[in-house]
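Since chain S is already given, all that's left is putting chains L, X and B on it; use the hints.
There are 4 protein chains.
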Amino acid sequence: MIQIFTTGGTIDKHYFDANSEFEVVDSLLPTLLQEANISDGYELTGLMRKDSLEMDDQDRAIIRDAVQACEAERVLITHGTDTMPQTANALAGIDGKTIVLTGAMQPARMRHSDAVFNLGFAWAALKLLPAGVYLAMNGEVFAAGQVRKNLAQQRFESTSS
Amino acid sequence: MIQIFTTGGTIDKHYFDANSEFEVVDSLLPTLLQEANISDGYELTGLMRKDSLEMDDQDRAIIRDAVQACEAERVLITHGTDTMPQTANALAGIDGKTIVLTGAMQPARMRHSDAVFNLGFAWAALKLLPAGVYLAMNGEVFAAGQVRKNLAQQRFESTSS
Amino acid sequence: MIQIFTTGGTIDKHYFDANSEFEVVDSLLPTLLQEANISDGYELTGLMRKDSLEMDDQDRAIIRDAVQACEAERVLITHGTDTMPQTANALAGIDGKTIVLTGAMQPARMRHSDAVFNLGFAWAALKLLPAGVYLAMNGEVFAAGQVRKNLAQQRFESTSS
Amino acid sequence: MIQIFTTGGTIDKHYFDANSEFEVVDSLLPTLLQEANISDGYELTGLMRKDSLEMDDQDRAIIRDAVQACEAERVLITHGTDTMPQTANALAGIDGKTIVLTGAMQPARMRHSDAVFNLGFAWAALKLLPAGVYLAMNGEVFAAGQVRKNLAQQRFESTSS
Chain S
1 MIQIFTTGGT IDKHYFDANS EFEVVDSLLP TLLQEANISD GYELTGLMRK
51 DSLEMDDQDR AIIRDAVQAC EAERVLITHG TDTMPQTANA LAGIDGKTIV
101 LTGAMQPARM RHSDAVFNLG FAWAALKLLP AGVYLAMNGE VFAAGQVRKN
151 LAQQRFESTS S
Chain L
1 MIQIFTTGGT IDKHYFDANS EFEVVDSLLP TLLQEANISD GYELTGLMRK
51 DSLEMDDQDR AIIRDAVQAC EAERVLITHG TDTMPQTANA LAGIDGKTIV
101 LTGAMQPARM RHSDAVFNLG FAWAALKLLP AGVYLAMNGE VFAAGQVRKN
151 LAQQRFESTS S
Chain X
1 MIQIFTTGGT IDKHYFDANS EFEVVDSLLP TLLQEANISD GYELTGLMRK
51 DSLEMDDQDR AIIRDAVQAC EAERVLITHG TDTMPQTANA LAGIDGKTIV
101 LTGAMQPARM RHSDAVFNLG FAWAALKLLP AGVYLAMNGE VFAAGQVRKN
151 LAQQRFESTS S
Chain B
1 MIQIFTTGGT IDKHYFDANS EFEVVDSLLP TLLQEANISD GYELTGLMRK
51 DSLEMDDQDR AIIRDAVQAC EAERVLITHG TDTMPQTANA LAGIDGKTIV
101 LTGAMQPARM RHSDAVFNLG FAWAALKLLP AGVYLAMNGE VFAAGQVRKN
151 LAQQRFESTS S
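Residue numbers (full-length UniProt numbering), protein chains in the order written: chain S, 1 to 161; chain L, 1 to 161; chain X, 1 to 161; chain B, 1 to 161.
This is chain S alone, in the form it adopts within the complex (with noise of 0.2 Å):
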């Protein structure tokens, strides 16, 4: 069973022209999965529906803390991409379990988006890694404590060398 926590960000970002602005909404999540032929092995909870840079360490504790409680061994976070590092160091030392971050820089309701890819890109990382905790963006695996985001660039990248 793989457990799934839905934090926000722009993943799941949709327009609103109420207001000309972008907000999170409801996981786009169980649609993309079912679209993968993923009907079942994993269950869905919603922790917040926050920008990640609007999120603070209270936050981060309630996604520890939910990580922890959880039974499954295997756990997948969406979270926007600002500060995911952040929440990814905020996990470490939690024993037997695989964490894997994940996100989108477009959200996934946009025609074209990288949502998609790196949905499924996390979801092979979640099931072939070993407990501990990682990023899965842009292609690539990063372990928490060894990423940072290129703004700039748009992209992750190793801060070892």
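Don't read these hints as lab results, they were simulated from the structure.
Please read these numbers as outputs of a predicted model, since none were measured by experiment.
There is no bait here: all hints are sound.
Heads up, simulated PhoX-like pairs for lysine-lysine below, C-alpha to C-alpha not over 25 Å straight-line:
1. B:Lys127 with B:Lys97
2. X:Lys127 with L:Lys149
3. B:Lys127 with S:Lys97
4. L:Lys127 with X:Lys149
Over the 12 Å line for every Cβ pair with chain S, so calculated as not near, a few chain L residues:
5. Thr45
6. Asp57
7. Arg60
8. Val67
9. Thr98
10. Gly132
11. Ala143
12. Glu157
Idealized CB from N, CA, C, for every residue including glycine.
Quick look at chains L, X and B alone, frame taken from chain S:
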């Protein structure tokens, strides 16, 4: 020959991760028309890239001048929805041209959007209607001066009764 | 009230892995109209699910009877493109109704298709044209009896000159 | 460096109105990878454009030769689903390379398809798995020789128990 003027609005908005905002970008109309097997018979000119809430009298004067100056007798204007009726009013009294304004509640770059339907709908209105100024939105044609946007219901409606 | 009759054709084809073939399935029109913010004001009836090359005189009699029997004065027919002109001819002489045939060169279920544009285009033609039988395809309106499909160029063209 | 070999299959099928058929065309993979923000680090070679039911021993010899001859240690093969397990078997015994086969039940050019998820999933499998031959489909990784397509259920399943 059909003249298309783009002015911005939701229809041409795109999401930018760097600032977590939607902004008006290059019009998708040539791509959308090509998908509809329409590759010639029109000219497209970008006049501005504005959210229609930011449009003022000067912008409307620019649009009016452009419509009057162009040779085409059939003019399509893509425009933000919030002040589309005002711009339609500002075009009143131009002789001998069929002028149709359209736009979208959801960006054309979204997976699900009213943009392509509205474009097709406006295209037919442009070809079939006599000279005058019209709004073509949510499957209805409205004469300029007789239409308002109902923000709560997210649709346009007639003000005549 | 608008009456929609679906008869099959490319517009409603879907891919089936089991037999590696495209087949006509449930019409996507209600979904497409909803995306265009049109959720009422029409009724949809499925008459048949045929590739239009397989349509015969009996099928056309069924369509004609349905059009004549319905109460609506505005009738939209989705149809395969190959014999759309023949079916339009078979509808000649029905009094007091505006009848518009449309379809698509690419299934509506494809990422890139002319289906939604054609639907919007046909919708406006239906609302604006006087009684008669018309084809609405590739951004042009054709009167029944004056149109043919140019298979090589993949578009419809007028037979009048 | 990742080497991609495309061989055809549903994933790259496109609809042609002229003959009302789906046929294998240029691979959409470079476009899909670019949407996933992956623009380098791989080379793509088209080996053939076949429905996998039409593949014979000679085709499989061509694929095997290409895999062996390429310099890359990580090889992704896109392939029709019907005989994907057979081709995987035909690649057994190639030393020192991680070889992953994937494909799709729905063409990548459809609005809703498993293609992008499968591509992302296979991409991670390719990066994380040791040398060997694998199938990556419907969110599962299978070792060559231990997998079959369940045509009725439209999914792959393990033959080991």
